[in-house]
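Chains A and B, in that order, are what the protein sequence lines are.
Residues 921 to 1086 in this note's numbering are what the first sequence spells out, letter by letter.
Residues 6 to 179 in this note's numbering are what the second sequence spells out, letter by letter.
Note that these hints are calculated values from the structure, not bench results.
Yeah, the Cβ is synthetic: ideal placement off N, Cα and C, and Gly gets one too.
Please note that the accuracy of each hint is not assured.
To be verified - List time: in silico DMTMM-like cross-link candidates among lysine to aspartate or glutamate, alpha-carbon distance up to 25 Å:
#	chain 1	residue 1	chain 2	residue 2
1	B	K124	B	E56
2	A	K1055	B	E56
3	B	K29	B	E56
4	A	K954	B	D154
Said to hold, decoys possible - Derived DEER-like restraints, expressed as beta-carbon distance ranges:
#	chain 1	residue 1	chain 2	residue 2	range
5	B	R54	A	G1071	36 to 44 Å
6	A	D1070	B	K81	46 to 54 Å
7	A	F945	B	K29	53 to 61 Å
8	A	A957	B	V42	40 to 48 Å
9	A	E1008	B	K124	43 to 51 Å
10	A	A957	B	K47	21 to 29 Å
11	B	A132	A	I993	33 to 41 Å
12	B	L32	A	P987	53 to 61 Å
13	B	L23	A	V1058	29 to 37 Å
14	A	V1058	B	K81	24 to 32 Å
15	A	V930	B	K47	24 to 32 Å
16	B	P159	A	A935	51 to 59 Å
To be verified - Only some residues are given here: those of chain A computed to face chain B with a beta carbon under 7 Å:
#	residue
17	G997
18	D1029
19	Q1031
20	T1033
21	P1036
22	L1039
23	A1041
24	N1056
25	E1061
26	T1083
27	F1084
28	G1085
29	N1086
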Amino acid sequence: MKRILSIGGVCLLVALGIWAWRTVFPGDETRIRKLLAQVADTACLKSTEGQLSRLLAAGRLADFFAPDAVVNIDVAGLNEKVIQGRAELQQMIAAARVNLQSAEIRFPDVQLTIEPDHLSAEAHVAAVADVNGEKNAVIQELKFRFQKIDGKWKINQVNTVKTFGN
Amino acid sequence: MNASKTEDEISSWWGRMLVGRHPKRTLARILTLVLVVFVLFKFVFIPIRVEGISMEPTYHDGRVNLVSRLAYVKQKPRRGDVVAIRVAGERIMYMKRVIGLPGERVGIRRGIVYIDGKKLDEPYVQAPRSHWNEPETVLKEDQYLVIGDNRSMPQQWHTHGIVEFNRIAGKVLF
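Work the whole structure out from these sequences, hints included.
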């Protein structure tokens, strides 16, 4: 019995050690997933939020992107649009947020591939947005490309993906 | 034999309530149950909850269902099958009905679906139908036309179109 207890204790200590190591030094996958969660969280918009707060959030959202980031938007019902650079992106986000009442955004499905050089990565994401409290959520498939810049992961490209063809 | 049985058995009523008369057997049953549930929901079924109105009146918002992953292992989707379509994983999927099959010429005129020039009988669609229009197109190998049952919705609000077979996660069971 003592032997079983001591083996159990050692296993518990090893598991705790691994958990602590991963918490203090998260891997690239954990960092990118956390980045995406922060993007979704920052993109959310409450109806009670004031204009200044909305503009500040647009700045925070743009900070997740690389300075030369490119966003390609091609979705049904909207004109195709290419946004180039963080400055233009921030303006677009700010304009969009001013016109919205509220938005709840989440990324429930994230399929992540990290390149062998650990300097770039790609995520295939299902984005769900509850806009202006409407009952039917908007679902959009997205592809994110990430780049490690000065040791930090930044989004350098976002493409919308059409789930259904015509 | 009797003595060892007595040792293994739990005699107090609260103990029996908690872990049964034979704790080892209870543990074995729990482990078996966990294993069966894990295998079923990892490799056989995907539990889903319907959100939205695009499959009404067949499926209502909030209804719970199961998707069979194995339905299309040996056979391909058939017209009329209700299927789950992957977006980027299996937490968010679309539920649609298979309307057009690979190689068919499909199109919609004034809300009526035409397959190879013939009007498709769709008993699951209830009136009134919106006057949807889609130009005729020939589906490539491995392509399926999928649409929800609610055709009273305006066309631009109803997500539908052509998907490749690898996007189909499975068949909705009931």
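Against the structure, the hints:
no.	hint	in the structure
1	B/K124 x B/E56	violated, 30 Å
2	A/K1055 x B/E56	holds, 9 Å
3	B/K29 x B/E56	violated, 43 Å
4	A/K954 x B/D154	violated, 38 Å
5	B/R54 x A/G1071: 36 to 44 Å	holds, 41 Å
6	A/D1070 x B/K81: 46 to 54 Å	holds, 50 Å
7	A/F945 x B/K29: 53 to 61 Å	violated, 42 Å
8	A/A957 x B/V42: 40 to 48 Å	violated, 28 Å
9	A/E1008 x B/K124: 43 to 51 Å	holds, 49 Å
10	A/A957 x B/K47: 21 to 29 Å	holds, 25 Å
11	B/A132 x A/I993: 33 to 41 Å	holds, 37 Å
12	B/L32 x A/P987: 53 to 61 Å	holds, 58 Å
13	B/L23 x A/V1058: 29 to 37 Å	violated, 48 Å
14	A/V1058 x B/K81: 24 to 32 Å	holds, 31 Å
15	A/V930 x B/K47: 24 to 32 Å	holds, 30 Å
16	B/P159 x A/A935: 51 to 59 Å	holds, 54 Å
17	G997	holds, 6 Å
18	D1029	holds, 3 Å
19	Q1031	holds, 6 Å
20	T1033	violated, 12 Å
21	P1036	violated, 22 Å
22	L1039	violated, 23 Å
23	A1041	violated, 15 Å
24	N1056	holds, 5 Å
25	E1061	holds, 5 Å
26	T1083	holds, 6 Å
27	F1084	holds, 3 Å
28	G1085	holds, 4 Å
29	N1086	holds, 6 Å
When each numbered hint is compared with the structure, violations occur for hints 1, 3, 4, 7, 8, 13, 20, 21, 22 and 23.
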